[in-house]
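A.B. asks: Chains A and B supply the protein sequences, listed in that same order. Numbered according to the working numbering, the first sequence spans residues 1 to 576. Numbered according to the working numbering, the second sequence spans residues 1 to 576.
Derived by calculation from the structure, the hints in this document are not laboratory data. Please note: incorrect hints may appear among the correct ones.
Said to hold, decoys possible - The calculated SDA-like cross-link candidates involving lysine to any residue, where the alpha carbons are at most 25 Å apart (straight line), are:
1) 570/A / 147/A
2) 253/B / 499/A
3) 253/B / 509/A
4) 253/B / 515/A
5) 272/A / 296/A
6) 253/A / 184/B
7) 253/B / 517/A
8) 297/B / 451/A
9) 253/B / 561/A
10) 297/A / 391/B
11) 557/B / 262/B
12) 297/B / 499/A
13) 173/B / 511/B
14) 253/B / 516/A
15) 491/A / 527/A
16) 297/B / 278/B
17) 253/A / 514/B
18) 129/A / 100/A
19) 253/B / 331/A
20) 130/A / 102/A
21) 571/A / 466/A
22) 130/B / 155/B
23) 153/A / 321/A
24) 297/A / 514/B
25) 253/B / 510/A
26) 297/A / 451/B
27) 129/B / 278/B
28) 297/B / 129/A
29) 253/A / 509/B
30) 570/B / 531/B
31) 130/B / 184/B
32) 129/A / 331/A
33) 253/A / 511/B
34) 321/A / 388/B
Protein chains: 2
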Amino acid sequence: MAAVVAATRWWRLLLVLSAGGMGASGAPQPPNILLLLMDDMGWGDLGVYGEPSRETPNLDRMAAEGMLFPNFYSANPLCSPSRAALLTGRLPIRNGFYTTNAHARNAYTPQEIVSGIPDSEQLLPELLKKAGYVSKIVGKWHLGHRPQFHPLKHGFDEWFGSPNCHFGPYDNKARPNIPVYRDWEMVGRWGGRLCSRRPGTWAGQEVGRNPTGSRTRSKSHCPDGAVLVPGRGGSTSGHGSTGYYEEFPINLKTGEANLTQIYLQEALDFIKRQARRHPFFLYWAVDATHAPVYASKPFLGTSQRGRYGDAVREIDDSIGKMLELLHDLHIADNTFVFFTSDNGAALISAPEQGGSNGPFLCGKQTTFEGGMREPALAWWPGHIAAGQVSHQLGSIMDLFTTSLALAGLTPPRDRAIDGLNLLPALLQGRLMDRPVFYYRGDTLMATTLGQHKAHFWTWTNSWENFRQGIDFCPGQNVSGVTTHNLEDHTKLPLIFHLGRDPGERFPLSFASAEYQEALSRITSVVQQHQEALVPGQPQLNVCNWAVMNWAPPGCEKLGKCLTPPESIPKKCLWSH
Amino acid sequence: MAAVVAATRWWRLLLVLSAGGMGASGAPQPPNILLLLMDDMGWGDLGVYGEPSRETPNLDRMAAEGMLFPNFYSANPLCSPSRAALLTGRLPIRNGFYTTNAHARNAYTPQEIVSGIPDSEQLLPELLKKAGYVSKIVGKWHLGHRPQFHPLKHGFDEWFGSPNCHFGPYDNKARPNIPVYRDWEMVGRWGGRLCSRRPGTWAGQEVGRNPTGSRTRSKSHCPDGAVLVPGRGGSTSGHGSTGYYEEFPINLKTGEANLTQIYLQEALDFIKRQARRHPFFLYWAVDATHAPVYASKPFLGTSQRGRYGDAVREIDDSIGKMLELLHDLHIADNTFVFFTSDNGAALISAPEQGGSNGPFLCGKQTTFEGGMREPALAWWPGHIAAGQVSHQLGSIMDLFTTSLALAGLTPPRDRAIDGLNLLPALLQGRLMDRPVFYYRGDTLMATTLGQHKAHFWTWTNSWENFRQGIDFCPGQNVSGVTTHNLEDHTKLPLIFHLGRDPGERFPLSFASAEYQEALSRITSVVQQHQEALVPGQPQLNVCNWAVMNWAPPGCEKLGKCLTPPESIPKKCLWSH
Numbered sequence: 001m002a003a004v005v006a007a008t009r010w011w012r013l014l015l016v017l018s019a020g021g022m023g024a025s026g027a028p029q030p031p032n033i034l035l036l037l038m039d040d041m042g043w044g045d046l047g048v049y050g051e052p053s054r055e056t057p058n059l060d061r062m063a064a065e066g067m068l069f070p071n072f073y074s075a076n077p078l079c080s081p082s083r084a085a086l087l088t089g090r091l092p093i094r095n096g097f098y099t100t101n102a103h104a105r106n107a108y109t110p111q112e113i114v115s116g117i118p119d120s121e122q123l124l125p126e127l128l129k130k131a132g133y134v135s136k137i138v139g140k141w142h143l144g145h146r147p148q149f150h151p152l153k154h155g156f157d158e159w160f161g162s163p164n165c166h167f168g169p170y171d172n173k174a175r176p177n178i179p180v181y182r183d184w185e186m187v188g189r190w191g192g193r194l195c196s197r198r199p200g201t202w203a204g205q206e207v208g209r210n211p212t213g214s215r216t217r218s219k220s221h222c223p224d225g226a227v228l229v230p231g232r233g234g235s236t237s238g239h240g241s242t243g244y245y246e247e248f249p250i251n252l253k254t255g256e257a258n259l260t261q262i263y264l265q266e267a268l269d270f271i272k273r274q275a276r277r278h279p280f281f282l283y284w285a286v287d288a289t290h291a292p293v294y295a296s297k298p299f300l301g302t303s304q305r306g307r308y309g310d311a312v313r314e315i316d317d318s319i320g321k322m323l324e325l326l327h328d329l330h331i332a333d334n335t336f337v338f339f340t341s342d343n344g345a346a347l348i349s350a351p352e353q354g355g356s357n358g359p360f361l362c363g364k365q366t367t368f369e370g371g372m373r374e375p376a377l378a379w380w381p382g383h384i385a386a387g388q389v390s391h392q393l394g395s396i397m398d399l400f401t402t403s404l405a406l407a408g409l410t411p412p413r414d415r416a417i418d419g420l421n422l423l424p425a426l427l428q429g430r431l432m433d434r435p436v437f438y439y440r441g442d443t444l445m446a447t448t449l450g451q452h453k454a455h456f457w458t459w460t461n462s463w464e465n466f467r468q469g470i471d472f473c474p475g476q477n478v479s480g481v482t483t484h485n486l487e488d489h490t491k492l493p494l495i496f497h498l499g500r501d502p503g504e505r506f507p508l509s510f511a512s513a514e515y516q517e518a519l520s521r522i523t524s525v526v527q528q529h530q531e532a533l534v535p536g537q538p539q540l541n542v543c544n545w546a547v548m549n550w551a552p553p554g555c556e557k558l559g560k561c562l563t564p565p566e567s568i569p570k571k572c573l574w575s576h
Numbered sequence: 001m002a003a004v005v006a007a008t009r010w011w012r013l014l015l016v017l018s019a020g021g022m023g024a025s026g027a028p029q030p031p032n033i034l035l036l037l038m039d040d041m042g043w044g045d046l047g048v049y050g051e052p053s054r055e056t057p058n059l060d061r062m063a064a065e066g067m068l069f070p071n072f073y074s075a076n077p078l079c080s081p082s083r084a085a086l087l088t089g090r091l092p093i094r095n096g097f098y099t100t101n102a103h104a105r106n107a108y109t110p111q112e113i114v115s116g117i118p119d120s121e122q123l124l125p126e127l128l129k130k131a132g133y134v135s136k137i138v139g140k141w142h143l144g145h146r147p148q149f150h151p152l153k154h155g156f157d158e159w160f161g162s163p164n165c166h167f168g169p170y171d172n173k174a175r176p177n178i179p180v181y182r183d184w185e186m187v188g189r190w191g192g193r194l195c196s197r198r199p200g201t202w203a204g205q206e207v208g209r210n211p212t213g214s215r216t217r218s219k220s221h222c223p224d225g226a227v228l229v230p231g232r233g234g235s236t237s238g239h240g241s242t243g244y245y246e247e248f249p250i251n252l253k254t255g256e257a258n259l260t261q262i263y264l265q266e267a268l269d270f271i272k273r274q275a276r277r278h279p280f281f282l283y284w285a286v287d288a289t290h291a292p293v294y295a296s297k298p299f300l301g302t303s304q305r306g307r308y309g310d311a312v313r314e315i316d317d318s319i320g321k322m323l324e325l326l327h328d329l330h331i332a333d334n335t336f337v338f339f340t341s342d343n344g345a346a347l348i349s350a351p352e353q354g355g356s357n358g359p360f361l362c363g364k365q366t367t368f369e370g371g372m373r374e375p376a377l378a379w380w381p382g383h384i385a386a387g388q389v390s391h392q393l394g395s396i397m398d399l400f401t402t403s404l405a406l407a408g409l410t411p412p413r414d415r416a417i418d419g420l421n422l423l424p425a426l427l428q429g430r431l432m433d434r435p436v437f438y439y440r441g442d443t444l445m446a447t448t449l450g451q452h453k454a455h456f457w458t459w460t461n462s463w464e465n466f467r468q469g470i471d472f473c474p475g476q477n478v479s480g481v482t483t484h485n486l487e488d489h490t491k492l493p494l495i496f497h498l499g500r501d502p503g504e505r506f507p508l509s510f511a512s513a514e515y516q517e518a519l520s521r522i523t524s525v526v527q528q529h530q531e532a533l534v535p536g537q538p539q540l541n542v543c544n545w546a547v548m549n550w551a552p553p554g555c556e557k558l559g560k561c562l563t564p565p566e567s568i569p570k571k572c573l574w575s576h
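With the sequences and hints as input, model every part of the structure.
C.D. replies: Laid out in structure tokens, this is it:
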């Protein structure tokens, strides 16, 4: 991959110089970069990817005006590692966003996590500064919530959003509600009803987000179905039965929240401000499609797909408004826009609060296609020709390298970079050979090369979890493939042809020539990868209730500081 | 529905008169009608419906220039009844294309079938004659192969194609090979290798097409994997190991056959001939996507999806050529084109020879969405606005009523017609309330109304068949839904919300208000339907080996007449 980058450096520079607008100084300016990152949205959630309700007219138009990637992948089937990979251009196994506490376990950054993105990692906005970019993140950060991991310490100039997932427990005594930041300081917390009408619809998330054990599980259970735990500034004198008791409320019963509108406004304001100044990098990481899904009032109840669809419709509408603004400001042809998602749809939250992975197997948390194949659209009028489909195997990590290329920069040379520069695919329709690695925690579960995918390990989740109703593959059951034991296939991998069998239902016969040929090619690439691999220091091993968002900067001004409990570092227990 | 038809009759007439071209006499002429009916192609097989390889550029363009229906249904999950419904506008339970030999069994028209389309049925081409149409069928007829059922006796003016499915046994001694007709006489027979490299890939079809028992099953099994049974005109002196021994060969090993090219040429020639004469109705019913799937040499090996994809690509290319010809002849704006399929993808033939039903459950033979929801595109430049999506619940039977409306005709008033006139949806974007009935044989298995689908019976296939490897839902298993016993839910139907849960994985809670409300609405519609229903005389009950295609008209000229065995009428045994 390094060779590809080097070879294309010069023409890229020429291209960028000729493509770019003129800065205030009259010097050529590289294009703005707008990355639209969805949360738990699946490959099958867009009309243009075959969602039957076809309720994404703006994204479908974006595809028609740009390039669609049917074979685009996240770097991990879970949110934090995937996001860390996007911003570093490196697999989580390299940048530290994994755990060694248990073999093949997914890990992420709940409030209890002690670590986050290491200072040694160079993030995209840090690097883009060298080319004069001003960067903003709107929405979910998820690379660590303690002060040293703050996005403004890692290259972003502005932030509006949350450090962790917006879900509960909505009880700021036992655990602090998630804060919402503007730049360096919190401006409030997420709040909502403690119990939704159907708490079971995201009960599985509860299990996933509690890596230190079962201490909070009883708190998220509401036997009488209507317990509210209001509170403001640590007191219990909130709005009571109205259900809103923090600055950024979600009504878990109705699904109403206006956060997407706030995130939209943040984006529009930033774009307007930056339009005639420095080139900008806007990372719009909204989370309305992550359970508990939400939408603002005008969108609630408008989708054929229920509440999840309402959230998708509001995001689609927002993206339409952003693209329209780029046109209105006459900077559309100088703004590279890319849309994708952090991992597959969370089928555990389906049907009310989970999306669709189309024809693919399983979803979030798994290394089947449904867990890691993502919708992906590139848009850059005047540069990317309209109506194209690229079968390039793409990765979320490519957004790192491609963004640098757009800025006329090269990736750091002192470390392994997994992201590919996609400009040859985007601008010249070229296809570049590259593998896709499917990691789960510290384990390389599978690898795709060309049309063939080899599974070295298969696992959905444990029998124990499965018996509790946590199902990452509802309605799907491929014998010997969707296993509830962690099955070792390293000696004789399961291989699928993803063109003939995108649903991973029919493993190739071990005796076939096709199997032998594919295995030989994949084995060679995997050996090369593993021999060169230097795993980063694992960041997701240690948890501690004392590090939670008890008293984020700015809490004093709001009277929302809480007292942390005693510090007891513990090994995080990851169940999936 | 009758009310809708009556209400729109006058404006339709005006519309058709203004929309039509001018005939030779200078009088206004109704539009040509081109129905493109696929065989076993699934909802998910087109790029525009989300097939990941996106190899249908011509159909995708047809969608972009016309109207796409995501909620369009066949009338049955099997070929013959679905086709009979299309041409009569009536459910198979009315037109006789069902069996009463066993409860909820699918039946069709193999060679052994004694009956076919009754004379009492009025077929679309018969009716279109009244408006001066000249009609041709290219491809598979499937409404009975005995002389009285011949398409030219039921309104078609021309025919090139076969009366039955093109699959085996390719042994013209034990059973005659399927004839190919030009108009009144056969011009040859289909031929091919007796055994494919992987006979198992369509073994299930073998079971399905042998309703009189197991007499031929041993003949379709080739233990040594290479038995050829050549024969020409009843002799055994064929081409031997070259594998071709009839006029219309399929090489089952390579999948090569040039039938789609022949069918394309037949269509192009007919369109050219008719372009400046009478309005035409062309029914293009190709079968390359029915196992054993085939493609001509230029397309073989070109798809990412394997042989099935090669067949799809050739059909897509052919349709592109047809639409191009309509433009070249300047009759595009006077030709209504509709594309759909007869039933869902035959997952039993996957992955090599079966298609995709996208996110839907199961496939052909079942009354889950995968068995009956179909791709559907309407195209009529200058009349149907480009780039539209209609959520109208549509049915293959609507093509009957809509075609009549285009011709300025009304459906027969002396019988129940199930097809709806879709012109208000096509031209004005209107949505009309209507149920979708899912029959399997004589049994109403399910009904959809709005977004809700109620299953009264569930069944995929028997445990006995399932244990033999016949799987209509490979990789899918929804507990209590994809049952291998015929489960009676008539007292307490399973209800799904198809918007939130298109994959039919999460039945609504029986206790929910939504369930109660949906059940009430659906029950009322079903009661109305069943009270008014007068089932037709079942045509698919009696089989007889003596009625097979031993000596079709024209066989003498070719020296291809065979001697039928003794006539022994039997009850057909349908296993699914």
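A.B. asks: Run every hint past the structure and note whether it holds.
C.D. replies: Going through the hints against the structure:
Note on residue 570/A and residue 147/A: the hinted pairing holds, with a Cα-Cα distance of about 20 Å set against a maximum of 25 Å. The suggested pairing of residue 253/B with residue 499/A holds, with an alpha-carbon distance near 20 Å, which does not exceed 25 Å. Between residue 253/B and residue 509/A, the direct Cα distance comes to roughly 18 Å. Compliance with the 25 Å bound is thereby established for this hinted pair. A hinted pair counts as satisfied when its Cα atoms are at most 25 Å apart, and residue 253/B with residue 515/A qualifies at roughly 19 Å.
Distance check on the hinted pair: residue 272/A and residue 296/A sit about 23 Å apart at the alpha-carbon level, within 25 Å; holds. The hinted pair formed by residue 253/A and residue 184/B fails the criterion: a straight-line CA distance of about 67 Å is larger than 25 Å. The hinted pair formed by residue 253/B and residue 517/A meets the criterion: a straight-line CA distance of about 21 Å does not exceed 25 Å. This hinted pair checks out: residue 297/B and residue 451/A have alpha carbons roughly 22 Å apart, not beyond 25 Å.
Distance check on the hinted pair: residue 253/B and residue 561/A sit about 73 Å apart at the alpha-carbon level, beyond 25 Å; violated. Between residue 297/A and residue 391/B, the direct Cα distance comes to roughly 24 Å. Compliance with the 25 Å bound is thereby established for this hinted pair. Between residue 557/B and residue 262/B the CA atoms are separated by roughly 22 Å; this keeps the pair inside 25 Å, and the hint holds. With a C-alpha separation of about 20 Å, the suggested pairing of residue 297/B with residue 499/A holds against the 25 Å cut-off.
Restraint check for residue 173/B and residue 511/B: the C-alpha separation of about 60 Å exceeds 25 Å, so the hint is violated. Distance hint between residue 253/B and residue 516/A is fulfilled; the C-alpha atoms sit about 21 Å from each other, no more than 25 Å. The straight-line distance between the Cα atoms of residue 491/A and residue 527/A is roughly 13 Å, inside the 25 Å bound, and the hint therefore holds. Taking the CA atoms of residue 297/B and residue 278/B, the gap is near 36 Å; set against the 25 Å cutoff, the hint is violated.
Simply put, residue 253/A and residue 514/B have alpha-carbon atoms about 16 Å apart, close enough for the 25 Å limit, and the pair holds. With a CA separation close to 34 Å, the supplied pair residue 129/A and residue 100/A exceeds the 25 Å bound. Between the alpha carbons of residue 253/B and residue 331/A the distance comes to roughly 56 Å, so the proposed pair goes past 25 Å and is violated. Pair hint residue 130/A plus residue 102/A does not hold up; C-alpha atoms about 39 Å apart against a cutoff of 25 Å.
For the proposed pair residue 571/A and residue 466/A, the alpha carbon gap of about 24 Å is at most 25 Å, so the pair holds. Proposed proximity of residue 130/B and residue 155/B is supported: the alpha carbons are some 11 Å apart, at most 25 Å. About 30 Å separates the Cα atoms of residue 153/A and residue 321/A, which puts this hinted pair outside 25 Å; it is violated. Between the alpha carbons of residue 297/A and residue 514/B the distance comes to roughly 21 Å, so the proposed pair stays at or under 25 Å and holds.
Annotation: proposed proximity of residue 253/B to residue 510/A holds, straight-line Cα distance about 20 Å (limit 25 Å). In summary, the hint linking residue 297/A to residue 451/B is supported, as the alpha carbons are separated by about 22 Å, within the 25 Å threshold. Of the pairs offered as hints, the one joining residue 129/B and residue 278/B holds, with about 10 Å between alpha carbons and a cut-off of 25 Å not exceeded. Between residue 297/B and residue 129/A, the direct Cα distance comes to roughly 55 Å. Violation of the 25 Å bound is thereby established for this hinted pair.
The suggested pairing of residue 253/A with residue 509/B holds, with an alpha-carbon distance near 18 Å, which does not exceed 25 Å. At most 25 Å may separate the alpha-carbon atoms for a hinted pair to count; residue 570/B and residue 531/B exceed this at roughly 32 Å. For the hint pairing residue 130/B with residue 184/B, the CA-to-CA distance comes to about 22 Å; that is within 25 Å, so the pair holds. Distance hint between residue 129/A and residue 331/A is fulfilled; the C-alpha atoms sit about 20 Å from each other, no more than 25 Å.
A threshold of 25 Å between alpha carbons decides the hint, and for residue 253/A with residue 511/B the separation of about 18 Å falls inside it, so the pair holds. Taking the CA atoms of residue 321/A and residue 388/B, the gap is near 21 Å; set against the 25 Å cutoff, the hint holds.
When each numbered hint is compared with the structure, violations occur for hints 6, 9, 13, 16, 18, 19, 20, 23, 28, 30.
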